[in-house]
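Undergrad: Sequence:
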Amino acid sequence: HDRSDRPGHNQLSGMFCRLETDIDAPAERLRAIARANAAAKNHSSAISPTLLQDWAQVAARAVFGAVFRLVADSSLIGNPVHNLIVSNVRGSDKPMYVAGARLDTMYPMSILTQGLGINFTCVSYVNQVDVGVAIEPHLVPEPWTIIDGLQRALRERDASGVVRELG
Numbered sequence: 027h028d029r030s031d032r033p034g035h036n037q038l039s040g041m042f043c044r045l046e047t048d049i050d051a052p053a054e055r056l057r058a059i060a061r062a063n064a065a066a067k068n069h070s071s072a073i074s075p076t077l078l079q080d081w082a083q084v085a086a087r088a089v090f091g092a093v094f095r096l097v098a099d100s101s102l103i104g105n106p107v108h109n110l111i112v113s114n115v116r117g118s119d120k121p122m123y124v125a126g127a128r129l130d131t132m133y134p135m136s137i138l139t140q141g142l143g144i145n146f147t148c149v150s151y152v153n154q155v156d157v158g159v160a161i162e163p164h165l166v167p168e169p170w171t172i173i174d175g176l177q178r179a180l181r182e183r184d185a186s187g188v189v190r191e192l193g
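First residue of the sequence shown? That's 27 in the numbering used here, and the numbers climb one at a time after it.
Misleading hints may appear alongside valid ones.
[Stated by the list, open to error] For each label pair, taking beta carbons as the anchor points, the in silico distance ranges come out as:
(1) Ser150 / Arg178: 20 to 30 Å
(2) Ala125 / Cys43: 30 to 40 Å
(3) Arg116 / Ala66: 10 to 20 Å
(4) Leu45 / Ala125: 32 to 42 Å
(5) Pro121 / Leu165: 29 to 39 Å
(6) Pro167 / Leu129: 32 to 42 Å
(7) His108 / Trp170: 20 to 30 Å
(8) Ala125 / Ala58: 12 to 22 Å
(9) Ala60 / Arg181: 16 to 26 Å
(10) Glu168 / Tyr123: 36 to 46 Å
No wet-lab data here; the hints were simulated from the structure. Here a beta-carbon is modelled for each residue, glycine too, at the ideal position from N, C-alpha and C.
Build out the structure end to end from the sequences listed, making use of the hints.
TA: Structure, rendered in structure tokens:
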């Protein structure tokens, strides 16, 4: 995101994306995802990444928190429009240290709300991307199939060379 003159550094944006899981070939799948997500990014860029922060500043914290909890817990809403979240957070390009010890890996974690089955959170750090996975066991009764599939997909990606090609 662009730099802002606002205090703090968090900017939040979201978009609906296709994962193209119907395409078997990893390189073709990744190209299709890239095309679809480019269009989704164009649509979502019309909404400012500081919109949520702007709205929260207008509404009192207590009201904002109460409304958020009501929406998250309400049975009036019915089924959510999605059951999977994939988020990415850009981390530091430079090594970080804690009490003199170099930080080697980030372990990202996120939350699950009502109806949300899986949340993948990716954080870049130096020359790697670390992935944290939160899974709701009532909605995903065999979570290791998801983790095993993620590991297979990452190996496919490495073998395909398509990431270097898409650059």
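Undergrad: Which constraints among the numbered hints does this structure fail? Numbers only, ascending.
TA: 8
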